[in-house]
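Q: Protein sequence lines correspond, in order, to chains A and B. Residues 0 to 1018 in numbering that gives the first Met the number 0 are what the first sequence lists, from first letter to last. Residues 0 to 458 in numbering that gives the first Met the number 0 are what the second sequence lists, from first letter to last.
Where hints are given, some of them may not hold.
To be verified - No farther apart than 25 Å at their CA atoms in a straight line, the calculated lysine to any residue pairs in the SDA-like style are these:
#1 A:LYS905 / B:ALA55
#2 A:LYS813 / B:TRP320
#3 A:LYS192 / A:ASP531
#4 A:LYS813 / B:TYR321
#5 A:LYS811 / B:GLY323
#6 A:LYS602 / B:PRO338
#7 A:LYS994 / B:GLU325
#8 A:LYS809 / B:THR336
Stated by the list, open to error - Covered by chain B, according to a simulated footprint, are these stretches of chain A (three or more residues, beta-carbon under 8 Å):
#9 605-618
#10 818-824
#11 875-882
Derived from the structure by calculation, the hints contain no laboratory data. All C-beta atoms, glycine included, are put in the ideal place defined by N, C-alpha and C.
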Amino acid sequence: MSQKKYWKGIEDLNEESQIMQDLRNKEFVEEIPTDDFLGDKESLESGSTTRRDFLKYIGFSTAAASLAACEGPVVKSIPYVVKPDNVTPGSADYYATSISDGHDFASVLVRAREGRPIRIEPNTMADYYSTTNARIQANVLSLYDSNRLKAPQKEGEEISWSSVDADIATALATAGDKEIVLLTSSMFSPSTKEIISKFSEKYPTTKHISYDAVSSSGALDAYETLYGKRALPLYNFAEARTIVSFGADFIGDWLGGGYEKGYSIGRNPKQKEMSRHIQVETNMSLAGANADDRYSVKPSEQASALIKLYNIILGENLATNKTPIDSKLAAIAKELKNAGSKALVVTGSNDKNLQILAMKINLALQSRAMCVGKPVFVKEGNDNAVQQLVQDMNSGKVSALICYNVNPVYSLANSVEFVKGMKKVETTVSVTQFVDETTKESTYNLPSQHSLESWGDAMAVEGEYSLMQPTIRPLYDTRQFQDNLLKWMGSDEDFYSFIKNNWKNNILSKKTGSTWNQTLHDGVLKLSLDPDMPTLNEVDMAAVAKAAQKYFKNAKGIELELYVKAGMGNGELANNPWLQELPDPITRTSWDNYLTISAAHAKELGLTNWNVSNGALNGDIVKLSAAGVSMTVPVFIQPGQAYGTLGLALGYGRSEGVKDAMKTGVNAYPFYKSFNKYASSVSIEKVEGEHEFACVQLHHTMMDRDVVQETTFDIYKNKSRDEWNPINMLATHDGNQPVSKIDLWDQHDSDIGPHFNLSIDLNACTGCAACVVACHAENNVAVVGKEEVRKSRDMHWLRIDRYYSSDMTKEKAKAEGLSGVTGSVDMYHQMEVASANPEVVFQPVMCQHCNHAPCETVCPVAATSHGAQGQNQMAYNRCVGTRYCANNCPYKVRRFNWFQYNGNEKFDYHMNDEVGRMVLNPDVVIRDRGVMEKCSMCIQITQAGILSAKKDGRRLEDIDIQTACSSACPSEAMAFGDINNEESLIQEPLHDDRKYYLLETVGTKPNVMYQTKIRNKNS
Amino acid sequence: MHYESEIREPLVLGNKSYSDVTRDVAAPVEGKANKMWWFAFTLATIAFLWGIGAMAITIGEGIGSWGLNKTVGWAWDITNFVWWVGIGHAGTLISAVLLLFRQKWRMSINRSAEAMTIFAVVQAALFPLLHMGRPWLAYWVFPFPNNFGSLWVNFNSPLLWDVFAISTYFSVSTVFWYVGLIPDFAMIRDRAVKPFQKHIYKIMSFGWSGKAKHWQRFEEVSLVLAGLATPLVLSVHTIVSMDFATSVIPGWHTTIFPPYFVAGAIFSGFAMVQTLLIIMRKVVNLESYITIQHIEMMNIVIMLTGSIVGVAYITELFMAWYSGVEYEQYAFLNRATGPYWWAYLSMMTFNVVSPQLMWFKKLRTSIMFTFVLSIIVNVGMWFERFVIIVTSLHRDYLPSSWSMFSPTYVDIGIFVGTIGFFFVLFLLYARTFPVIAQAELKTILKSSGESQKKLHKHE
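Bound conformation, chain B alone:
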């Protein structure tokens, strides 16, 4: 039996037995939804329906229903895309990278983080589709054999790399997530009493019977997938950043973008995990599993990545000055002091200043503070993408073409719609999926559970 030093904080609080864990995790699935859930679900559905309406206008009438113009060809669409992709980063980082580094605290949060990833990538994937002038031809971005002539995709285009990066990321994350879910689905299947539910979970658990061989394969596949997913954590946002970095537009044409985007993505992803889990642990009574310690750990990651992002912002400014290129210099001066100074100021305050507050232990262990900050960080990260995209485009090389951007109700509708869609998915997930990887968690119950640790202490 593996022992853990007693100075390490326990990862599972209270006197939890294996069956307690099972019961706690299965409770939201087996029980009835409370009023709060229905309220949240209704709200999310309304937002989602609004989004569908806005999408219908976009597809029915044209991109002209957005606020774009001849100078600013992308704004909220790609801002939202990058924002959602960024949010999607935390899940894989938690479940894959932390698995490889044997960080056991990940076990109670990885399931939800990964679910969030997948749902966020679904939202993100909507935007490349919707932002096209002719979305019904979206399949042309795939290199499929065709008889349209010798038409082939352009492998020079970062947008094409995006197609591959996002689809790979989405499929690997989904598989990884699902593999982890199999033993837990089996657990619910075994407890289910209603035949319909039993049948569904039977299908979803792929005939898991908990044999030693199953466990062995499970472990192996998890490790292999973690290995596969780890480079993706870095590659996806690197490639997304190349949409900008490979261009010639001042403010976009920056070699610092790949690491800067990856750090930013993890930063915003962890913030989103915080937002979701702080609510979830309360609503479905998982305080024993998602503890202050978990929250603190994630806050430390937020602080670290926030600092990296801050350094990147300052480096950008320095490079603009140091480059001696007037377009570059003006682009950054304009970001900070031009008509969109408020967006830049929000970005700087929310992303650079606010995470520094995490140096205070009192703050980083405060649930309320963490919750507020996690939202602030995501607002800040949205502004970061807006600043990069809109303030670079709206004043580039030729002053004659400078313009401004203002969103229409359709722009806003689609964004709100994706938030609604995301929460619809997440709320459904919370009611039907085991939200904690209980099978995995049980492996550390004996070593890291509070009561077990106390037992060892008294021995």
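Chain A with its partners taken away, still in its complex shape:
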């Protein structure tokens, strides 16, 4: 016990104090007057507060307090009770795998959060197919498609896997002499091939037929004719100095796609030589839009021109017809010859003979850009085999049809006969991820798995193997196709152990020191084989040319070319709202396909497109008849479309297994007769009614403004910067000063810590739109649907503006003496009209992150403000939605939440779907109704990068902070980095002569810069 004594007051000093005495005996010095209150019963009762009242008040207060404690519905997030290994809440896991959906293939890195794959990024370790396009980027959303097939079905009724296996094993065993057909999409998986060969051993009547809805069979046949093997040559556009393409959309998905990267490497103007690209085509394709020279001709003329070019280069005299570009061909041939081994001729035709002609030209020129010694296997589809199958089915030769990853009922031109044939097949099985037109006609519908749920492997290019591994447990009661085959063969092995054994025994042994685990980690196994030149077979070129001509023999009248859109592909992903909403890079129209027609032709036929009062685009509807098929299609006037031709995209008009909102466009496959994407003697006839388009860009020319700067390679190389990228000057009292030196505001301090800049090389950008979808996925950007897009309310944080050149320029107006008010009005009206065969530029535009941002000053509540690292930030919680910032943005990049886009059944897309919501990135907040949003320069990525560099105690590197768009860009047009880091890759574009800022004269001082586009024109 402490002996300390604490003084309580002055009275303590006086021992005799009465107070101290009292306190020793009692708690209080004075009596507590309880009796005064409680003793007198009368006054107690007369008081206004009785005991009952007191209890009432107590009761009420308790009830009120507990009521007040009740809040709105509480959404509980439940922590892991037992934390899974390798899953740390809040940190992302990356898996190297591959996406192979039958149409596209890519080696990818998958970012998974809390066990959910949410993003697909390119796997840069791969040498081939290491880039992602828009569809690959969007593929992750198809994993969470709620219209997937969720359990095995027999005749529409759910049954168990065991009864499926029993039924099918019996069916296969009783096939007898009749064929068992495996109809699959291109399957370049060595292990699957192994299984199929074992399956064929067990069931000897098995026939494996590859079927690509959009066929590359012509090119495969050509290679087979020349080299005796079904494959494609490896095209390396980076090696080419002169590229001549006859209708080959190699920026799109020509022969499986994936050529953008090589193409853009070859077009880097900093090299001594920049490739020159000449496109001869019918529709305005992505490749054509990037070309230096573009000639628009009919498909039949393309063929004749190719033969003629062959004649000139090889000095032969094969029979051919006249074409409108005959006069140009000599010059083109000369350029090709000059380029020698750096020349490349490609054709987009699905005719074997034309492919042979193009390959022969390359061989004659000894082109290094076409490597036949490294065959490519991404496409296997065999048109003849598929046509044969339809016949066999109808003649009752087939006992079992097992479709995997194909939808022939939708995508075959003669699907009616196919369906008829199916009825004659005893057992029809459709192994598929999605409910579709084919599942409707099949007896057994077996759910297969998404690439992200599956094991698998691939050999896309000779010598490079890729692995596919699951990144999530199967969402539904699904089973891989390969597992099905193993089961039906009676094997107990599952596909995982099969693939592992197959790799250990047959593949890993090809490279010393390679292990399964390491390959799984890397995603690829590179054997670094030297090209193995196959022997060339003799071909009778006269016969080839004759056959090529025959392909177009009856070509007369209007010709139709079917094509594939960057967003929709072959139509397999039609239920993917990101791809539906993605504006086509060329037409900038989403949610639709349409008949493209040239302006002159449309005028003759009295067909028009017009804007209604809110700006939305409407168009006439025509009845299109070709090859015995006719349907009504809207027309879309397309600059660059060859006169007398029409274009129509495949992949639309799906009717089964897609949400109603996504049943868009018309199915063009019925025109795709015998896999021929060209049709002639087409007739169109205007019908009643008008069609509503969802076009995000209403003006197509640049109005001669300095929006996209471009110059020619010749000027770029030989003249000083001032001539082709002059510094913007302003007149001041001190004389002319560069705009960059004049400031209305104090500069932000950008020296401390990182300061981020983004550079966009307009020369490398091909407009492929991979970045648009990547941004959509990374930042939880809402899908708003056709009606809202029509109202110019798309939410894309990143858009790719596309401009056509116009015949009218300010210079021309001056020369023509168009001056004064009426002259200017006339000039501007003419400027709005695109040329008949325009030059095209693409310009990705996102928030420019201005250092002096007009949006920041005008927000009354300071909801948008400048970040320390250069970013212009949006505090969604603070935003009250005045939209003043959006009005005052010169770049018009701000997007407003006009409605509640998530959890709203009026916007029934992935955000209104329990499963679809799983794709949302937990690092990015979902924006509420009434809030402004825009590109954040992926601040969630840059902050995480800064944090990880800080934890490691090292300097921030480029690799830590790549934004969704910059990492997705297949052509490396986007460079993102910290300008305070001398080693960052951003330094090069930052100090490049080609650098310019968009609308620099407005004085916004953006952190996004552009690099002047260079066109390699012949001077």
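Once you have looked at the hints, place chain B on chain A.
A: Coordinates of chain B only, in the frame set by chain A:
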């Protein structure tokens, strides 16, 4: 006794005594509403209810129910806002500026003009609220102490200046108006026979007893408030114009905007006063007080401000050409010849050409003509704001983002609703408030009354 030259037109016609004035002013308050009033009131209420429905849709579903898009972020909302604020300008100008300039003709119109001001500002104030994506957070635009973190408003933003300008204007106008009403309320109170009415007017008249001290304070406060209100006449629309002038959008970024907006505001305000008073003087028999001379005076103001506005329009065009900036040049060329040429043409005809007709005495003293013109002017001024806002936004810097605007039924509903609300307020006012500042008017009855003037003449 103050005498006024006889060549000046009398401001009160007929042989009016003080008690006549009292009776005439009190008559609409004390009498029963006629059929016309009920008809107008029903119509206004229906319009108002439609507006409430449209507002409910806006708040319930989102701004998406309007016709706006990613390029045109403001259209009818801010057009209506500026239009109503502009209309609100005449009242204060009449009662404050004309008071300081001792313009006695203001006395018979200032009460209604000021009422119109306040009701118009009420309509205007609805729009900043409604146009917000999240109107329930509208209080965030006020700099109130909070514990949300260190959140504070952005004093750089012209929208914030608007908040202050409009709220100041509204409060000063209301106080000024109310102070003027006190002696008149007392007059009605003294005449009221029904106890309920008497009670209400008793409260509203703040115990006015007409003592000399009361009159002295009344005069002093009026003068002080007039002094306070006068700069507001200029500041409010100056600040509203800065919403546009401080931006970077071609067509908005213009230094001429403050004077141009103020002139335009007075122009439209006077037109609205004309519209209202021409009807009111007829309906409640105030022709003796609101005379042709009053109407002519206001027409002259309309002509003057209309000319200022016209000069401003032409200056804008000249500056666009002279600036040499292609965006600026295109913006103005597009206004006149682009897809919204009809709006520009309406604006030019209604605002620039039509007021020039006022040079003709015959026209500016014609009641029918004035009435039609006053409506034309306000339509024109609505178009002016629409032209400035929509045609500048819809085609700005990057052609890829150019778009168009078309209103939805909700846009239209809200606008019609505010017109309904305005008339509901004004019709109620006309039946319950003394519509002429009779106490003030009586001070000039002897000097400017027609009969008194005749008396002097014969002396």
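Q: Take the hints in turn and mark each one as holding or not.
A: Tested hints:
1. A:LYS905 / B:ALA55: Holds, at roughly 18 Å.
2. A:LYS813 / B:TRP320: Answer holds: LYS813 of chain A to TRP320 of chain B is near 17 Å, not above 25 Å.
3. A:LYS192 / A:ASP531: OK: LYS192 of chain A and ASP531 of chain A at ~22 Å, within 25 Å.
4. A:LYS813 / B:TYR321: 18 Å, holds
5. A:LYS811 / B:GLY323: Cα-Cα ~19 Å, so holds.
6. A:LYS602 / B:PRO338: Holds, because 22 Å separates the two Cα atoms, which is no more than 25 Å.
7. A:LYS994 / B:GLU325: 22 Å, holds
8. A:LYS809 / B:THR336: 18 Å, holds
9. 605-618: n = 5 at 8 Å, threshold three: holds.
10. 818-824: With 3 residues closer than 8 Å to chain B, the region 818-824 of chain A meets the three-residue bar; holds.
11. 875-882: Coverage by chain B holds for the region 875-882 of chain A (6 residues, Cβ < 8 Å).
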